[in-house]
Amino acid sequence: MTAASTWSACAALVRRDLILVWRRRGDALNPVLFALMVIALFPLALGPEPEVLRRIAAGVVFVALLIAGLLALDTLFRSDYEDGSLEQLVLSPHPLSLLLACKIGVHWLTTALPLIIVAPLLGELLHLPAEVRWVLVGALLLATPLLSLIGAVCVALTVGMHRSGMLLALLVLPLYVPILIFGAGACNAAALALPHAAPLLWLAAALVVALVVAPLACAAALRISLS
Amino acid sequence: MHASPDHERPPLLEARGLAFARNDEPVFGPLDFALHAGEVVLIEGDNGSGKTTLLRVLSGLLAPGEGEIRLQGEPLTLAAIAPQVALLSHANGLKPELTTLENLRFAAGLNGVRPGISPPTALAGVGLSGYEDVPTRRLSAGQKKRVALARVLLAPVALWLLDEPYANLDLDGINLVNRLLENHANRGGAALITSHGAYAYTSGRPRSIPLNPNAVLGGNSSSDASEPAASKSISAGAAPTSQQERVR
Amino acid sequence: MNILTLWFHKLGSPPTFYRIAGWLMPWCYGLALVTGVAGLYGGLVQAPADYQQGDAYRIIFIHVPSAWMGLFGYFFMAANAFVALVWRIKLSEVLAMASAPAGASFTFITLVTGSLWGKPMWGTWWTWDARLTSELVLLFLYLGVIGLYHAIEDRRQAARAAGFLALVGVVNVPIVHFSVNWWNTLHQGSTVRLFGPSSIVPSMLWPLLLMAIATHLWFFGTVLARTRTGLLEVDGGKDWVRRIVLADDAGPSAPAASERSHV
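Chains as they are written, first to last, in my numbering: chain A, 1 to 227; chain B, 1001 to 1248; chain C, 2001 to 2263.
This is chain A alone, in the form it adopts within the complex (with noise of 0.2 Å):
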């Protein structure tokens, strides 16, 4: 019998969800659109200012990015419980978590990694200082996986249920607090010229720790809601 190496099971995971994103591929663009409307809905409401949005532009960017993160969350898993992979994946005889680390990395990259390559456009669009924009693009590259990260732990809870997205949102955004604090503190002090490394430090330190542990709760989560 030929079982599976671990590695090509991960492979092939991470190849056959790259193709459904790209066959899906018009969707994939919906976390931007949505998070540069919500950026244009901060002069409307505020008024166009400039000193007023440079001085929320970092602020307003993070929050909107983690909002349109939150709102692609639910999609991990979603269609894959829906028909049924998600158990596939389940009996498959690989490490769970390992597999499910493999997904939360794609979504990742195909839902947060272009929000984070559009931010500093965003950015713009509020008259972000220019010293502030590359600490934004840093936070964000430290903050966004941990939100994968602990979203799909969240999202594991939820899968079973139909209309999950409101209890969903409130699950995860407690859980963000500490992440957007850092992340937008970091950026808040760069804007005032004061020192910001120690806060990106910690996300970076979070992230680690994230990056071990999230995928073995995530699959504990999964086995709790798939029983």
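Fair warning: there could be bad hints in the mix.
Capping the alpha-carbon separation at 20 Å, the derived lysine to any residue pairs in SDA-like fashion look like this [stated by the list, open to error]:
1) 2238/C to 1021/B
2) 2090/C to 226/A
3) 2090/C to 2235/C
4) 1144/B to 82/A
5) 2090/C to 1021/B
The set of hints was computed from the structure by calculation and includes no laboratory data.
For clarity, every value in this text was computed on a predicted model and none was experimentally measured.
Let chain A serve as the given structure and place chains B and C on it in line with the hints.
Showing chains B and C alone in chain A's frame:
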């Protein structure tokens, strides 16, 4: 029902006093049976008699409420059974956006393949050659079921758990399932299949386990079995179906 | 099996726990009332007025014990959830889920009293003070657990999923506290130092400790009551529940009438 004494090796899958309850309402059981290599066992029961739940418990996805399951003599865990089982459930586990071949290639990458078979030959084996590049969403329900069967056929496992494998299939498809089961049994595999009785495993009638309440174990009425939930006892399964026949 | 494990095992069985909890519950409530009244008397009448805040500070006799209980409730819930998930003990699942609403209520009381206190002190109902913000996030964490518990139909699966979330949350609680403190120093707002290095006078301390005991007792009384109903619900089909219900139906003069719970 007890395992026949002529088997020296422990049975592939064995259940003792297996019962499952959801929100304290008994779903099935208590149930005793053994499944040996080379056997195909039919689980018969009406809608709602717990067939699907039983298969999910046996596949390790659900923890049994009471009783125990042994896999080759060892207590069953998800990690132990995962490399040995292929599950066909109501949801086919196929991605509608992928072609049939892509779906099977993914399954092969995930689970490995049985020697002497490959995704294209598995597809041909279920009568779908020529459909390699058709997106799965374009297939009919019966054709999707065949692709899912090809996935089961491909997996390098001894134990098949098939939930309603005959559903949605035409007469030709039913014969195909029977042929696949027979081949699997002949090469030393074993299968548990559920059916609500409309179709039958024709070539050599298999041993069957009736799941309807009160028809499970003749006299043994435990305190749980006398609950009001036993109102669904149409006891259609009381027919003499529990004869100990081996499939050859 | 050693005696301790045996005792633990026996206590963990729902009928035994149901009986013991029924016996303990009135004591918890009764002692909570006694200590609570004594503590309030000490705090509201006996303790001197604060030289800075006048009588307004007296709300701490509710606010501070509630804040402790909000946090304690979360850790109590998470500890039970841990036991429930690792050893699959039904009682712990029920206990964890019974402590969620109790802890959330204490957190809510903390927020309301904090806001009431803020009005005379800071001139505003709400301020983004580090402690209040952490408390708010704690309430959100509670609401997530309760929401998840009620969204899943199967009671035991719901308890396990919500318990798992509580465990994720308990890791988050210190991180939230830390991050909010950091955030608060970054945005140096109008933070009033409420408990500075100055030590609290004994005549204020003993009512506070009495109130802490009262809130603990009340918390456990509520948790025991909720656990009893929860156990009846999860074990609805079991013999021991049927016996209790039948004894209940036999008439209000039955000896068990004093410890009835509505099923």
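Cross-check of the supplied hints:
1. 2238/C to 1021/B: Holds - the C-alpha atoms of residue 1021/B and residue 2238/C are around 12 Å apart, at most 20 Å.
2. 2090/C to 226/A: OK: residue 2090/C and residue 226/A at ~19 Å, within 20 Å.
3. 2090/C to 2235/C: It holds: about 10 Å lies between the C-alpha atoms, which stays within 20 Å.
4. 1144/B to 82/A: Answer holds: residue 1144/B to residue 82/A is near 15 Å, not above 20 Å.
5. 2090/C to 1021/B: This hinted pair holds, its Cα atoms lying about 14 Å apart.
Consistency note: the structure conflicts with none of the earlier hints.
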